[in-house]
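Starting from the given sequences, assemble the full structure and let the hints guide the process.
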Amino acid sequence: MPNVDMSVNLAGVSMKNPVVVASGTFGFGREYGQFYDLSELGGICCKGLTLHPRTGNPPPRIAETPMGMLNSVGLQNPGVDAFITEELPELRKYDLAVIANISGNTPEEYGIMCEKLSRAGVDMIEVNISCPNVKAGGLAYGTRPELAAEVTRVAKEHSSVPVMVKLSPNVTDIVEIAKAVDEAGADALSLINTLRGMRIDVQTRRPILKMNTGGLSGPAVLPVAVRMVWEVAGAVAKPILGMGGVARGEDAAELMLAGASAVAVGTACFADPYAPLRVRDGLEKLAAGQGLDRVSALRGAVRAW
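So the number in the numbering used here is just where the residue sits in the sequence shown, counting from 1, plus 3.
Wrong hints could be hidden among the right ones.
Claimed, not checked - SDA-like mimics (lysine to any residue), calculated; alpha carbons at most 25 Å apart, straight line:
hint : residue 1 : residue 2
1    : 213       : 72
2    : 241       : 187
3    : 213       : 150
4    : 119       : 188
5    : 241       : 295
6    : 159       : 33
7    : 213       : 108
8    : 288       : 303
9    : 288       : 251
10   : 182       : 237
11   : 182       : 161
12   : 19        : 126
13   : 182       : 198
14   : 213       : 68
15   : 159       : 178
16   : 119       : 94
17   : 241       : 300
18   : 241       : 14
19   : 241       : 200
20   : 182       : 202
21   : 241       : 292
22   : 182       : 143
23   : 213       : 200
24   : 241       : 150
Think of the hints as simulated: they come from the structure by calculation, not from any bench. Here the structure is a predicted model, which is why all the values come from computation and not from measurement.
Written as structure tokens, this is what we have:
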């Protein structure tokens, strides 16, 4: 068996291994917990939460694509209070980092949720800035540095646990956004969120998704994720949770070499519930094969030309 120290630290949160499951792909863990002990994971980024319950978008809201999938689920969730009452106690039965993902329409909503979740005892809060700011005419927080910084400051002011900001790839310069949230006090960054995409049924001539467009995820986005993690890691010193198309240990290693401290497995879980464990084991085998005594030695070790 490989003898590699798989433990990592993400903004002060200790994890037994660097493999986390991505928000929106693992629910709150109940279903996957029927397959294996969730304590095998380094952490779970829970399904995105909003201040009040949401029913999400009308179907069809998921569509397959070559090497991935499109989704426009629309943040269907029971609301932050229901999560704290019904889901968090179950997750606390496992030995893993619990990361709550939040979305808001105003900075005030982010602040309220951060206060509630901090008091409830989550290990970290992942702030989704890809959602629309109703006060800015529906413009997504993550597309403008000043808006991203504003919500980051509010989250930090109301949180007693580390705040990780999830960056959108749907921008001209992701480094500009990363620097803005870094300066606003983010403890960590996660990237990338989904790329905006669209598919059309050529027979009906209608978009396949009811909402016309959706977020593209899966193996097709891995090269974009690796590039953006590498760019951001070279510009800011904060730890990074890398994600986007991770399905194998080699994929995770690429993101860590680019600068990520830990990685998230998402879309791969839909096809294989055991994907996160296979990624973990593959990563450990790769590190051992390279003679490493700890997996964290991969971080930022890319040899640039």
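>> Does residue 150 sit within 25 Å of residue 213, going by the straight-line distance between their CA atoms?
In response: violated (29 Å)
>> Between the alpha carbons of residue 213 and residue 68, is the straight-line distance 25 Å or under?
In response: holds (16 Å)
>> Between the alpha carbons of residue 119 and residue 188, is the straight-line distance 25 Å or under?
In response: The given pair, whose Cα atoms are some 20 Å apart, holds under the 25 Å limit.
>> Check the hint pairing residue 182 with residue 143 against an upper bound of 25 Å on the C-alpha distance.
In response: holds (17 Å)
>> residue 241 and residue 187 were given as a pair; does the straight-line alpha-carbon distance stay at or below 25 Å?
In response: holds (12 Å)
> For the pair supplied as a hint, residue 182 and residue 198, is the alpha-carbon distance within the 25 Å limit?
Replying inline: holds (20 Å)
>> Hint check: residue 159 vs residue 33, CA-CA at most 25 Å. Holds or violated?
In response: Not OK: residue 159 and residue 33 at ~29 Å, beyond 25 Å, violated.
> Within a Cα-Cα threshold of 25 Å, do residue 241 and residue 14 meet the stated pairing?
Replying inline: The hint holds at about 8 Å.
>> Run the distance test for residue 241 versus residue 150: straight-line Cα separation, threshold 25 Å.
In response: holds (19 Å)
> Given the hint that residue 288 pairs with residue 251, does the C-alpha gap stay at or below 25 Å?
Replying inline: holds (11 Å)
> Has the given pair, residue 241 with residue 200, been kept, meaning a C-alpha gap of at most 25 Å?
Replying inline: At roughly 29 Å apart (the allowed maximum being 25 Å), residue 200 and residue 241 break the hint.
> Does residue 200 lie within 25 Å of residue 213 when you go C-alpha to C-alpha?
Replying inline: holds (13 Å)
Taken one by one, the earlier hints fail for this structure at numbers 3, 6, 19, 20, 21, listed in ascending order.
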